[in-house]
Amino acid sequence: MTTIGVLGLQGAIREHVRSIEACGKEAVIVKKPEQLEEVDGLILPGGESTTMRRLIDRYNFFEPLQQFGKAGKPIFGTCAGLILLASDIEGQNDAHLGLMDMTVARNAFGRQKESFEAPVEINGVAEDFEAVFIRAPYILEVKADTKVLGVYDGKIVAAKQGHLLATAFHPELTDDHRLVQHFVEMVDQANGNKLASV
Amino acid sequence: MSTSVGTNRVKRGMAEMQKGGVIMDVVNAEQAKIAESAGAVAVMALERVPSDIRAAGGVARMADPTVTEEVLNAVSIPVMAKARIGHIVEARVLEAMGADYIDESEVLTPADDIYHIDKNDFTVPFVCGCRNLGEALRRIGEGASMLRTKGEPGTGNIVEAVRHMREVQTQIRQVQSMAKDELMVYAKETGAPYELLLQVQEEGRLPVVNFAAGGIATPSDAALMMELGADGVFVGSGIFKSDNPEKFARSIVEATTHYQDYELIAKLSKDLGTAMPGLEMSSLQEQDRMQDRSE
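Protein chains in written order, with my numbering: chain A, 1 to 198; chain B, 199 to 493.
Since the hints were made in silico from the structure, they are not lab data.
It is possible that some hints are incorrect.
What the hints assert, rightly or not - The calculated lysine-lysine pairs, modelled on BS3-like cross-linking and capped at a C-alpha distance of 30 angstroms, are:
#1 B/Lys445 x B/Lys231
#2 B/Lys465 x A/Lys31
#3 B/Lys465 x A/Lys32
#4 B/Lys231 x B/Lys468
#5 A/Lys70 x A/Lys25
#6 B/Lys468 x A/Lys31
#7 A/Lys31 x A/Lys70
#8 A/Lys32 x B/Lys468
#9 A/Lys32 x B/Lys231
#10 A/Lys31 x B/Lys231
Just so you know, these numbers come straight off a predicted model, no measurement behind them.
Next up, chain A with everything else stripped away, as it sits in the complex (with noise of 0.2 angstroms):
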């Protein structure tokens, strides 16, 4: 059985939790570092990212994070997730995880009053991604071979490269499980591929 793990510091961990059920997948909170050895793949939720990565760091989960990915399990950042996976963000000098090669924006559709939800067109997954951006970063530029997945205003709002996947906006907020339907085909081919290399 395919088991994906919500990195459960801080965030709409629930929400995570409730739509990996729905698409037929055992979820795990994962509050210790030790627990990532017993998921396929991770999801890094929504929250406020310098709160996660205070935790990350006191918790000393940061190297642990870095390796999961850097051994080609997927991982999923939405918000607060993709800011973490991001390799640069402006106005910074350091990053956090940097497992994915993009410059991202935070707080970049501006405060919670402009906060909103748009149908967004999200390449190969769905046409009309009901969108919720909440205080959203979005995405400057994507390098090396990110790929971008979906555009709103002129602005990318996700992305993926190989294992990785990462969204501006809130997929868990809404019942449209077709995003996180997508991730647990990364994580069940990168399962696949892992077992065929055995």
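Given the coordinates of chain A, work out where chain B should sit on it, guided by the hints.
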């Protein structure tokens, strides 16, 4: 379907992102930065923390916009601000200034002793206080996107926060076991909108995020509120009225994340210095009980 702002999903979603976190009261940029670097998920910009409001007496109003602006410019995490209950204009001013969330709060002196603000009419989301399920669902009916149990602000005494959280949780369980005809009478008795009671019955929880507030003074207090079912905690006077705010703030954040890791909480609670001085409930006069300022 096209782009829309201020929808319930966007307003309630913002609170969902705060779950498992600590929201801290701050009165200036310096405190806001301490809160942010300690891992707060948001700050509440105020002119005075509740214990000072209590001590000062008189009418407590929305903070001077200079303070709110200073805090808005100091941090990248969301900034909340308080408006008086029923004070539509204070709320509009805060919305115009770009506050990320408005707390229609009993900590300030109510501007309207009967009506709350019609919050559905705003683009910015609101958080409101509650002591029981009826009050919680009335606020949601008016458009609150987030709740906090009231507790008794500025006392450093957790007993009222516990009472209110227990009350809400108990009533949710009662509602779950009721027949539909009983539910209508319950709606009448508690003043809760019937449609929202139906939703609570079906889902077994409140339709919006519910934090705990009012009296949290130690890491264990924060963990206790999480244990009782809070989605996160507000800490008002507790942090910046303690001996070592930085350490206190960090410890409360960690205790909230790992509220069932008791060895960790023991470690976090060591050498914290003195917590804020507390007030015994019986020492409060009836007119000093902030929680009773609104229904």
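Okay, the hints, checked on the actual structure:
A threshold of 30 angstroms between alpha carbons decides the hint, and for B/Lys445 with B/Lys231 the separation of about 14 angstroms falls inside it, so the pair holds. Of the supplied pair hints, the one linking B/Lys465 and A/Lys31 holds, its CA atoms being roughly 18 angstroms apart against a limit of 30 angstroms. Using a Cα cut-off of 30 angstroms, the hinted pair B/Lys465 and A/Lys32 holds, with the two alpha carbons roughly 17 angstroms apart. The hinted pair formed by B/Lys231 and B/Lys468 meets the criterion: a straight-line CA distance of about 24 angstroms does not exceed 30 angstroms.
Using a Cα cut-off of 30 angstroms, the hinted pair A/Lys70 and A/Lys25 holds, with the two alpha carbons roughly 23 angstroms apart. Distance check on the hinted pair: B/Lys468 and A/Lys31 sit about 23 angstroms apart at the alpha-carbon level, within 30 angstroms; holds. The suggested pairing of A/Lys31 with A/Lys70 holds, with an alpha-carbon distance near 20 angstroms, which does not exceed 30 angstroms. This hinted pair checks out: A/Lys32 and B/Lys468 have alpha carbons roughly 22 angstroms apart, not beyond 30 angstroms.
Using a Cα cut-off of 30 angstroms, the hinted pair A/Lys32 and B/Lys231 holds, with the two alpha carbons roughly 27 angstroms apart. Proximity of A/Lys31 to B/Lys231 is assessed by CA-CA distance (about 26 angstroms); at most 30 angstroms being required, the pair is judged to hold.
Violated hints for the displayed structure: none, as all numbered hints are satisfied.
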